[in-house]
Every structure is written in structure tokens, then in C-alpha cells.
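Given the coordinates of chain A, assemble chain B onto it according to the supplied hints.
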Amino acid sequence: SQQGEEDPQALSIQEGENATMNCSYKTSINNLQWYRQNSGRGLVHLILIRSNEREKHSGRLRVTLDTSKKSSSLLITASRAADTASYFCATAGRGKSGGSNYKLTFGKGTLLTVNP
Amino acid sequence: NAGVTQTPKFRVLKTGQSMTLLCAQDMNHEYMYWYRQDPGMGLRLIHYSVGEGTTAKGEVPDGYNVSRLKKQNFLLGLESAAPSQTSVYFCASSYGQAGGLYQETQYFGPGTRLLVL
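Protein chains in written order, with the working numbering: chain A, 1 to 116; chain B, 1 to 117.
The hints are simulated quantities; they were obtained by calculation from the structure and are not laboratory data. All values derive from a computational prediction rather than experimental measurement. Virtual Cβ for every residue (Gly too), placed ideally from N, Cα, C. Do not rely on the hints blindly, as some may be mistaken.
[Said to hold, decoys possible] In silico contact screen, one side only, chain A against chain B (beta carbon under 8 Å); selected entries: (1) LYS26; (2) GLY42; (3) LEU43; (4) HIS45; (5) LEU48; (6) PHE88; (7) PHE106; (8) GLY107; (9) LYS108; (10) GLY109.
[Stated by the list, open to error] Distance condition first, Cα-Cα at most 20 Å in a straight line; then the derived DMTMM-like pairs of lysine to aspartate or glutamate: (11) LYS71(B) / ASP26(B); (12) LYS103(A) / ASP38(B); (13) LYS56(A) / GLU104(B).
[Said to hold, decoys possible] Simulated coverage check for chain B against chain A, where a stretch passes if three residues somewhere in it have a Cβ under 8 Å from a Cβ of chain A: (14) 40 to 52; (15) 107 to 114.
Looking at chain A on its own, in the form it has when it is part of the complex (with noise of 0.2 Å):
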């Protein structure tokens, strides 16, 4: 399976430190996303990686990509009690019948909460 995996499972920081979290997966990609879900909430896109692109940005938000490792992480800087959620990667390859049917598969998610 190709499935992302993420670690860790549940992180907990203070406001104003920087949170990292990780995602590795098994097989190769065509992208590679990041959602957040708030508490009963539905999942949103933070930003897609395509398999060539090694680094993204946006806002405090900083995503890498190395598939030599086959492994992403998310760094969100100075965090804020708001970005307190659970976070996504999901992977997209080609699923078992190749040609364009890709396959979007999500992790278990890293629970984050950031202390005020």
C-alpha cells in the first residue's frame, strides 16, 4: 500500500513554538497533499506538493518533500491555539490499473494541540 503514514500520532506544544509533523509512505507518487480537520469538521486542502518539487510555502505553513526517502513533512511556525486540529497527508499515485487512474490515499492524521 502506498498509504501515508504520519507521525507522531499526537503531538501537544505551547503557543508560539513550531510544530512539526511527518508522513511517509511506501510506493511512488504523483503528489502528495496536506489537509487539516478541525473538531466535526470537514478536512481542508493546505497545500499540494507535486513529486518533482522539493520544497512549498505558505503563510507559516512550510511542506518538504524528498522521495528519495519517500517521506514529507509539514513545519508550522509560531502556532496559535487555532491550529489546534488533526493533520492529513494524502498520497496520490496511480492505483492498480494504472494509466490515469490515480489513487488519493489519506493517512491516520497527527493530532496537534497547542496550548494558549
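Relative to chain A, chain B alone:
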């Protein structure tokens, strides 16, 4: 824009009952998806659609049917509900112009919590 909306927000069913979950999007997206989210399992794709009148099976399609009669709506049906279908169901949509499924951002609805007794 309302984005992606789901109806109902919460439902309790008895085993064997049927129901339909409605998903609507006002972003003129081509692609739509139904996922289920269970504790410790992440999201799993049930069915998806790449355009009006088309549907396809995802990772866990058994026990579910879908229809996409209008571009903006994607319906998920449970013909005979089972306790194993207790879950949170999410609908999502994406633009559909980036070269194929999953190569672009997906926009999610708020979810429907379903409890099957």
C-alpha cells in the same frame, strides 16, 4: 458560495433501513467523491464521479450506491443499512481540469454522522 454542503448532518438508522445522503456543490466542479471516516482508519473512498452521469467504485464500495444525475449533486445511497456502516461520511469535489483525478485540491463538505443500530 456555499462550497460543498451535505444533508443531513446526523441520522440514526435501524439495521435494514435505507437512506440517501445528499451532497451539493456550487463551484461547477467536474469531480465529486464520497468518503467515510472511521476512528483510526483515516478516510477511505467509497465511490467517485468524474462528471454528470458517470460514477465509479472506490476502495470500499460494497453496500453503497451512488448517482450523479446533475453536475452539482452527488447522492450516496444505503439500500439496507448495517451497523458496520456507522461512520462519518464526507463528500468532496474538485475542479477536474488538472490532468486527472487526485492531481488537484479537493474541497470537503462538513460531514454526515450516521449511526446504525
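Quick rundown of the hints versus the structure:
no. : hint                 : result
1   : LYS26                : 15 Å, violated
2   : GLY42                : 4 Å, holds
3   : LEU43                : 4 Å, holds
4   : HIS45                : 4 Å, holds
5   : LEU48                : 6 Å, holds
6   : PHE88                : 7 Å, holds
7   : PHE106               : 4 Å, holds
8   : GLY107               : 6 Å, holds
9   : LYS108               : 5 Å, holds
10  : GLY109               : 7 Å, holds
11  : LYS71(B) / ASP26(B)  : 9 Å, holds
12  : LYS103(A) / ASP38(B) : 19 Å, holds
13  : LYS56(A) / GLU104(B) : 15 Å, holds
14  : 40 to 52             : holds (count 6)
15  : 107 to 114           : holds (count 5)
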